[in-house]
Amino acid sequence: MGEVLLKVNNLKKYFSITAGVFQHTVGYVRAVDGVSFEINKGETLGLVGESGCGKTTLGRTIIRLQDRTSGEVYFKDKDVFKLKREELRKLRPKMQIIFQDPYSSLNPRMTVGEIVGEALLEHNMAKRNELQDRVVKALEMCGLSSYHIRRYPHEFSGGQRQRIGIARALILDPDFIVADEPVSALDVSIQAQIVNLLMDLQQSYGFTYLFISHDLSVVKHISHRVGVMYLGSMVEMADKKELYENPLHPYTKALLSAVPIPDPTLKRERIILEGDIPSPANPPSGCKFHTRCPFVMKKCSEEIPEYKDAGSGHFVACHLL
Amino acid sequence: MEAKSIEDVRELATEDIMSPWKLAWRRLKKNKLAMLGLYILAIMVLLSVVGPLVSPYTMEQMDLSNIQSPPSLAHPMGTDEVGRDVMTRLFYAGRISLSVGLFAVVISVVIGSVLGGIAGYYGGFIDSLIMRIVDIFMSFPFLPLLITIAAVMSDWKVPPQYRMFVVMILIGILSWPGLARIVRGQILSLREQEFMQAAEALGIRDRRKIFRHLLPNTYASIIVSATLDLGSAILTESSLSFLGLGVTPPTPSWGQMVQVARDLYTLQMQPWLWIPPGICIFLTVMAINLFGDGLRDALDPRLKR
Amino acid sequence: MADDLLAIHDLRTYFYTEDGLVKAVDGVSFKIKKGEVLGVVGESGCGKSITAMSILKLIDPPGKIISGDVIFEGINLIELKEDDIRKIRGASISVIFQEPMTSLNPVFTIGDQIGEAIMLHQDLDKVNARKKAIEMLKTVGIPRADEVVDEYPHELSGGMRQRAMIAMAISCNPKLLIADEPTTALDVTIQAQILELMRNLKNDLGSSVMLITHDLGVVAEMADYVIVMYAGKIVEEAEVVELFKNAKHPYTIGLLQSKPVIMRDEDRLNSIPGQVPNPLHMPSGCYFHPRCSHAMDICRESQPELKEVCEGHKAACWLYEGVI
Ligand SMILES: Nc1ncnc2c1ncn2[C@@H]1O[C@H](COP(=O)(O)OP(=O)(O)OP(=O)(O)O)[C@@H](O)[C@H]1O
Ligand SMILES: Nc1ncnc2c1ncn2[C@@H]1O[C@H](COP(=O)(O)OP(=O)(O)O)[C@@H](O)[C@H]1O
Ligand code: SF4
Ligand code: SF4
Ligand SMILES: [Mg+2]
Ligand SMILES: [Mg+2]
Numbered sequence: 001m002g003e004v005l006l007k008v009n010n011l012k013k014y015f016s017i018t019a020g021v022f023q024h025t026v027g028y029v030r031a032v033d034g035v036s037f038e039i040n041k042g043e044t045l046g047l048v049g050e051s052g053c054g055k056t057t058l059g060r061t062i063i064r065l066q067d068r069t070s071g072e073v074y075f076k077d078k079d080v081f082k083l084k085r086e087e088l089r090k091l092r093p094k095m096q097i098i099f100q101d102p103y104s105s106l107n108p109r110m111t112v113g114e115i116v117g118e119a120l121l122e123h124n125m126a127k128r129n130e131l132q133d134r135v136v137k138a139l140e141m142c143g144l145s146s147y148h149i150r151r152y153p154h155e156f157s158g159g160q161r162q163r164i165g166i167a168r169a170l171i172l173d174p175d176f177i178v179a180d181e182p183v184s185a186l187d188v189s190i191q192a193q194i195v196n197l198l199m200d201l202q203q204s205y206g207f208t209y210l211f212i213s214h215d216l217s218v219v220k221h222i223s224h225r226v227g228v229m230y231l232g233s234m235v236e237m238a239d240k241k242e243l244y245e246n247p248l249h250p251y252t253k254a255l256l257s258a259v260p261i262p263d264p265t266l267k268r269e270r271i272i273l274e275g276d277i278p279s280p281a282n283p284p285s286g287c288k289f290h291t292r293c294p295f296v297m298k299k300c301s302e303e304i305p306e307y308k309d310a311g312s313g314h315f316v317a318c319h320l321l
Numbered sequence: 001m002e003a004k005s006i007e008d009v010r011e012l013a014t015e016d017i018m019s020p021w022k023l024a025w026r027r028l029k030k031n032k033l034a035m036l037g038l039y040i041l042a043i044m045v046l047l048s049v050v051g052p053l054v055s056p057y058t059m060e061q062m063d064l065s066n067i068q069s070p071p072s073l074a075h076p077m078g079t080d081e082v083g084r085d086v087m088t089r090l091f092y093a094g095r096i097s098l099s100v101g102l103f104a105v106v107i108s109v110v111i112g113s114v115l116g117g118i119a120g121y122y123g124g125f126i127d128s129l130i131m132r133i134v135d136i137f138m139s140f141p142f143l144p145l146l147i148t149i150a151a152v153m154s155d156w157k158v159p160p161q162y163r164m165f166v167v168m169i170l171i172g173i174l175s176w177p178g179l180a181r182i183v184r185g186q187i188l189s190l191r192e193q194e195f196m197q198a199a200e201a202l203g204i205r206d207r208r209k210i211f212r213h214l215l216p217n218t219y220a221s222i223i224v225s226a227t228l229d230l231g232s233a234i235l236t237e238s239s240l241s242f243l244g245l246g247v248t249p250p251t252p253s254w255g256q257m258v259q260v261a262r263d264l265y266t267l268q269m270q271p272w273l274w275i276p277p278g279i280c281i282f283l284t285v286m287a288i289n290l291f292g293d294g295l296r297d298a299l300d301p302r303l304k305r
Numbered sequence: 001m002a003d004d005l006l007a008i009h010d011l012r013t014y015f016y017t018e019d020g021l022v023k024a025v026d027g028v029s030f031k032i033k034k035g036e037v038l039g040v041v042g043e044s045g046c047g048k049s050i051t052a053m054s055i056l057k058l059i060d061p062p063g064k065i066i067s068g069d070v071i072f073e074g075i076n077l078i079e080l081k082e083d084d085i086r087k088i089r090g091a092s093i094s095v096i097f098q099e100p101m102t103s104l105n106p107v108f109t110i111g112d113q114i115g116e117a118i119m120l121h122q123d124l125d126k127v128n129a130r131k132k133a134i135e136m137l138k139t140v141g142i143p144r145a146d147e148v149v150d151e152y153p154h155e156l157s158g159g160m161r162q163r164a165m166i167a168m169a170i171s172c173n174p175k176l177l178i179a180d181e182p183t184t185a186l187d188v189t190i191q192a193q194i195l196e197l198m199r200n201l202k203n204d205l206g207s208s209v210m211l212i213t214h215d216l217g218v219v220a221e222m223a224d225y226v227i228v229m230y231a232g233k234i235v236e237e238a239e240v241v242e243l244f245k246n247a248k249h250p251y252t253i254g255l256l257q258s259k260p261v262i263m264r265d266e267d268r269l270n271s272i273p274g275q276v277p278n279p280l281h282m283p284s285g286c287y288f289h290p291r292c293s294h295a296m297d298i299c300r301e302s303q304p305e306l307k308e309v310c311e312g313h314k315a316a317c318w319l320y321e322g323v324i
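Taken in sequence, the protein lines are chains A, B and C.
Residue numbers for the first sequence follow the working numbering, so the first one is 1 and each next one is one higher.
Residue numbers for the second sequence follow the working numbering, so the first one is 1 and each next one is one higher.
Residue numbers for the third sequence follow the working numbering, so the first one is 1 and each next one is one higher.
These aren't lab readings, by the way, just hints derived from the structure by calculation.
Fair warning: this is a prediction, and the values are worked out from it, not measured in the lab.
Do not rely on the hints blindly, as some may be mistaken.
Cross-link-like lysine to any residue pairs, in silico, SDA-like; alpha carbons within 25 Å at most [unchecked claim]:
| hint | chain 1 | residue 1 | chain 2 | residue 2 |
| --- | --- | --- | --- | --- |
| 1 | A | 253 | C | 196 |
| 2 | A | 84 | B | 209 |
| 3 | C | 202 | A | 176 |
| 4 | C | 245 | A | 215 |
| 5 | C | 132 | C | 120 |
| 6 | A | 253 | C | 217 |
| 7 | B | 22 | A | 253 |
| 8 | A | 253 | C | 172 |
| 9 | A | 82 | B | 200 |
| 10 | A | 84 | B | 210 |
Not close to chain B: a few residues of chain A, all C-beta gaps over 12 Å, as computed [what the hints assert, rightly or not]:
| hint | residue |
| --- | --- |
| 11 | 2 |
| 12 | 14 |
| 13 | 17 |
| 14 | 28 |
| 15 | 119 |
| 16 | 127 |
| 17 | 129 |
| 18 | 134 |
| 19 | 245 |
| 20 | 246 |
| 21 | 266 |
| 22 | 285 |
| 23 | 298 |
| 24 | 299 |
| 25 | 308 |
To give an idea of the interface, some chain C residues facing chain A are shown, with a C-beta separation under 7 Å as derived from the structure [claimed, not checked]:
| hint | residue |
| --- | --- |
| 26 | 43 |
| 27 | 157 |
| 28 | 217 |
| 29 | 221 |
| 30 | 282 |
All C-beta atoms, glycine included, are put in the ideal place defined by N, C-alpha and C.
Using the sequences plus the hints, can you model the full thing?
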């Protein structure tokens with residue numbers, strides 16, 4: 001295995017639920033509830049899970065776009081949450097993020113050139129006279145053209161906007177990029193363009209990605225390793241091939257079997273889960289999945305299953321193992 | 001790398017660059033009512049600025065041999081009780097009414113957007129403090145206060161040309177809270193937008209975040225609300241002057257000119273004295289509101305193509 | 001034909017927008033057989049929803065149905081008056097929308113809304129309508145149906161709301177159920193539940209379903225016959241197995257190749273270059289030609305017609321001109 005770039009240790013992020021005139025706290029949404037993992041240099045770690053399971057929160061917390069509740073995040077052995085404001089700001093270019101919504105993630109009152117180039121100036125990474133060339137180069141790398149530099153975001157389609165967002169991140173030559181559902185808002189035919197672009201860029205520049213998505217097929221395609229989240233916890237993580245061919249956690253199994261396959265001749269065994277996803281404000285005791293698990297045992301509602309290595313880096317949290 | 005679609009590039013290259021402002025102007029131009037408002041407004045401004053310069057009379061020039069005469073060729077809107085040309089006074093009054101409105105709005109925009117912006121950006125205690133001040137201002141009894149101040153000014157014999165400034169400042173000070181609320185709301189929702197998260201992730205400094213990212217996105221709503229405020233400021237000035245609390249003679253303003261209609265004889269027998277300023281107030285405020293509503297639609301922050 | 005439930009012929013629905021004319025649906029013809037699931041696929045904006053809405057004449061200005069016939073059980077719905085078509089909506093033809101929250105009224109309970117739909121079209125009083133509503137909620141697998149009937153839409157999760165919508169839609173035993181992206185807003189495991197439910201209901205009720213989606217996987221699993229739309233037109237149609245095994249139109253082929261499949265390993269996705277055309281500035285000839293790798297001169301000049309390219313399989317593409 002390669003060098004560890006990012007190490008997350010028992011990270012928790014709770015949002016307080018407030019009520020009443022005085023906004024006092026009446027409870028917590030446990031968006032991320034004790035997650036640990038590592039990402040190696042140059043790899044893509046895929047993160048899947050259903051909506052509200054904490055993928056976005058995890059992605060934003062590890063690059064400290066919001067504060068944590070507890071736990072640590074080490075980026076190149078630096079504790080991200082111990083950094084001072086200005087130190088963090090200086091580190092920012094190295095950790096970038098691509099957002100899900102290609103509409104709200106670009107400032108409507110700025111030109112594409114300004115959007116892509118402003119951070120270079122803020123960090124004195126380019127002189128004013130070379131800025132334009134750098135921006136054009138970044139745009140071209142993302143399949144846009146120099147014509148686009150003076151235009152405004154509203155003149156672009158969703159896929160093109162997503163390319164602008166990618167150009168904005170890659171111009172800073174980051175080591176680590178959080179891609180938060182970068183293709184979910186796009187049409188199928190455009191999704192493939194963006195996935196290919198991200199993979200090409202990784203090949204050329206050795207980027208490390210945390211690729212968040214609820215689409216298991218896309219994650220399988222782009223990732224080297226994949227983690228599965230349920231209600232704020234990581235329930236399973238393994239190499240891609242291992243996870244998709246030999247899923248160990250009952251939730252992963254159900255998730256994989258629920259993906260519709262574009263092949264009408266293929267008939268599969270399907271696990272249909274009962275019930276809905278419980279609220280993260282009030283997660284079930286013990287194994288959080290026990291309310292829907294087809295293999296639930298007595299122990300499951302009482303004891304939290306340990307998240308441990310089931311052999312050769314295949315981590316899973318389930319009492320069955 | 002992906003072959004980019006040559007077609008799109010070509011299409012974009014031949015089209016004009018559409019900045020958000022240009023786009024808004026294009027939409028505005030299509031709105032007939034708003035454009036009508038704009039034209040009326042432009043005519044009003046033009047008449048007020050140019051009118052007095054081309055008029056053969058001056059504002060104070062009296063012609064005692066020719067008082068209270070109905071409209072004639074020499075005096076298209078007649079003369080008043082001391083023989084001054086009503087039309088010339090109407091032009092001057094327009095200058096006063098429009099500039100009182102304009103300055104009041106400038107004052108209100110400056111106070112409102114600065115305080116609203118601070119409240120929205122910093123939040124927490126500062127926000128609560130500013131918003132409580134807003135609440136206090138909004139529950140102020142507007143009219144009694146003005147009447148009191150007017151009375152005090154009369155007592156102190158404040159000369160008419162200064163009273164005009166006091167009126168401007170008062171209207172401005174009393175109308176900023178609405179604007180502050182709007183700006184604060186805008187900033188609050190902008191702060192949650194992903195592009196602000198992106199700015200943070202890029203390591204953009206606070207100063208640039210405020211001045212380059214946040215503020216330009218509030219201009220549209222500030223302009224709209226300032227425009228609509230301009231209408232009500234002109235109306236307020238008119239009402240105050242009509243009540244004798246605002247601009248006082250000999251300085252004319254539209255509201256103050258309508259004042260003559262307070263006596264029944266003038267009301268019935270000398271309509272040329274009060275109908276033209278009345279119409280001016282009505283047309284101007286109406287035009288501003290039409291234009292403002294059109295602006296609101298044209299500047300719709302959800303920039304669709 | 002006797003087993004056709006619905007036949008649409010040359011339907012055109014245009015929008016007269018401020019910026020110009022948008023031909024949202026431009027000459028679409030198809031049939032739905034009794035008991036069949038018709039899958040309609042295409043990317044966003046290609047006219048799927050507007051086609052569905054046009055069937056029930058639910059088009060608001062600036063939109064207008066310009067021409068076309070919608071023959072449902074021998075009646076042309078396009079020629080019906082508003083009062084008459086209202087008797088068909090929700091009774092013989094009902095609709096499930098993508099976003100259940102916007103199609104359920106937030107101020108009425110679930111029971112009220114289902115009950116009202118039932119009373120409108122069936123001769124039942126309030127008490128019996130409520131009983132029927134509870135029964136319908138049970139049919140769609142809602143637990144605690146007798147409590148849920150008195151809850152408001154916001155108290156339910158997305159999946160439950162979609163079940164409630166389905167309960168309302170099937171409460172009058174519709175002959176045709178139009179489902180517009182019924183699972184797009186839902187999670188995978190919930191989507192699996194809803195699809196399973198729809199499959200079972202279809203088998204029990206024997207209704208026909210028009211299933212609109214952009215997810216090829218959902219189509220492959222649910223549909224009997226598939227229509228592929230692009231820029232307001234049908235570009236290809238065939239039985240589901242034929243379409244997936246033997247796609248003809250370059251757009252369909254591109255679409256199938258651009259989606260990674262969980263059971264396969266592909267090195268690189270085969271993406272379609274460019275983007276969906278701007279509806280205000282449609283390209284000349286074949287609307288797909290700027291993105292098509294097979295484009296020929298004729299493609300830029302004139303528009304191919306939807307023709308049979310092999311038995312029971314139609315495509316609109318010049319590549320197949322003169323094949324049959
Ligand atoms: N109210 C409207 N006014 C103007 N144009 C409209 C309106 N509704 C739809 N259109 C246009 O009609 C076309 C087809 O829209 P439709 O909603 O059917 O697409 P769709 O395939 O269902 O897409 P999605 O998957 O995004 O729902 C689009 O170009 C759309 O912009
Ligand atoms: N700012 C916030 N305040 C309160 N709750 C939040 C906030 N952001 C996220 N959450 C909650 O945290 C949970 C995880 O959210 P998120 O990470 O956005 O999920 P995902 O990205 O997987 O859809 C959800 O229940 C969500 O409602
Ligand atoms: S711990 Fe128990 S409930 Fe949880 S996944 Fe394993 S078997 Fe299921
Ligand atoms: S008609 Fe021509 S451009 Fe259109 S899909 Fe066929 S080959 Fe491609
Ligand atoms: Mg998310
Ligand atoms: Mg739709």
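Evaluation of the provided hints:
Note on residue 253 (chain A) and residue 196 (chain C): the hinted pairing holds, with a Cα-Cα distance of about 17 Å set against a maximum of 25 Å. Pair hint residue 84 (chain A) plus residue 209 (chain B) holds up; C-alpha atoms about 19 Å apart against a cutoff of 25 Å. The straight-line distance between the Cα atoms of residue 202 (chain C) and residue 176 (chain A) is roughly 49 Å, outside the 25 Å bound, and the hint therefore fails. Between residue 245 (chain C) and residue 215 (chain A), the direct Cα distance comes to roughly 23 Å. Compliance with the 25 Å bound is thereby established for this hinted pair.
A C-alpha spacing of about 13 Å is found between residue 132 (chain C) and residue 120 (chain C), which places the hinted pair at or below 25 Å, so the restraint holds. With a CA separation close to 18 Å, the supplied pair residue 253 (chain A) and residue 217 (chain C) stays within the 25 Å bound. Note on residue 22 (chain B) and residue 253 (chain A): the hinted pairing is violated, with a Cα-Cα distance of about 54 Å set against a maximum of 25 Å. Proposed proximity of residue 253 (chain A) and residue 172 (chain C) is contradicted: the alpha carbons are some 37 Å apart, above 25 Å.
A distance of roughly 17 Å separates the Cα atoms of residue 82 (chain A) and residue 200 (chain B); the hinted pair therefore holds under the 25 Å criterion. Annotation: proposed proximity of residue 84 (chain A) to residue 210 (chain B) holds, straight-line Cα distance about 21 Å (limit 25 Å). With 12 Å as the threshold on Cβ separation, the claim that residue 2 (chain A) sits away from chain B holds: the shortest Cβ distance comes to roughly 25 Å. Residue-level check passed: residue 14 (chain A) sits 19 Å from the nearest beta carbon of chain B, beyond 12 Å.
Chain B leaves residue 17 (chain A) outside its interface by the beta-carbon criterion, the shortest separation being 18 Å against a cut-off of 12 Å. No Cβ of chain B comes within 12 Å of the Cβ of residue 28 (chain A); the nearest lies about 20 Å off, and the non-interface call holds. Not every Cβ of chain B is farther than 12 Å from the Cβ of residue 119 (chain A); the closest lies at roughly 4 Å, contradicting the non-interface assignment. For residue 127 (chain A), the shortest C-beta to C-beta distance to chain B comes to about 18 Å, beyond the 12 Å cut-off, and the non-interface label holds.
Its beta-carbon lying about 20 Å from the closest one in chain B, residue 129 (chain A) satisfies the requirement of being farther than 12 Å from that chain. Residue-level check passed: residue 134 (chain A) sits 14 Å from the nearest beta carbon of chain B, beyond 12 Å. Non-interface status of residue 245 (chain A) relative to chain B is upheld: no Cβ of that chain comes within 12 Å, the nearest being about 30 Å off. For residue 246 (chain A), the requirement that its beta carbon stay farther than 12 Å from each beta carbon of chain B is met, with the minimum near 34 Å.
With a least CB separation of 30 Å from chain B, residue 266 (chain A) remains clear of the 12 Å interface cut-off, as annotated. At the 12 Å boundary, the C-beta of residue 285 (chain A) stays outside the reach of chain B, the nearest C-beta of that chain being 34 Å off. Even its closest Cβ contact with chain B, about 44 Å, leaves residue 298 (chain A) beyond 12 Å, as expected for a residue assigned away from the interface. Even its closest Cβ contact with chain B, about 41 Å, leaves residue 299 (chain A) beyond 12 Å, as expected for a residue assigned away from the interface.
Residue placement check: residue 308 (chain A) keeps its beta carbon more than 12 Å from all beta carbons of chain B (closest about 33 Å). Restraint check, residue 43 (chain C) versus chain A: the minimum CB separation of about 4 Å is within 7 Å; hint holds. Against a cut-off of 7 Å between C-beta atoms, the interface hint on residue 157 (chain C) holds, since the closest Cβ of chain A lies about 5 Å away. Given the 7 Å rule on beta carbons, the hint for residue 217 (chain C) holds: about 3 Å separates it from the nearest Cβ of chain A.
For residue 221 (chain C), the interface hint holds, since its Cβ comes within 7 Å of a Cβ in chain A; the closest pair sits about 5 Å apart. The criterion of a C-beta within 7 Å of any C-beta in chain A is not met by residue 282 (chain C), whose closest approach is roughly 15 Å, and the hint is violated.
Violated hints, listed in ascending order, are 3, 7, 8, 15 and 30; each of the other numbered hints is respected by the structure.
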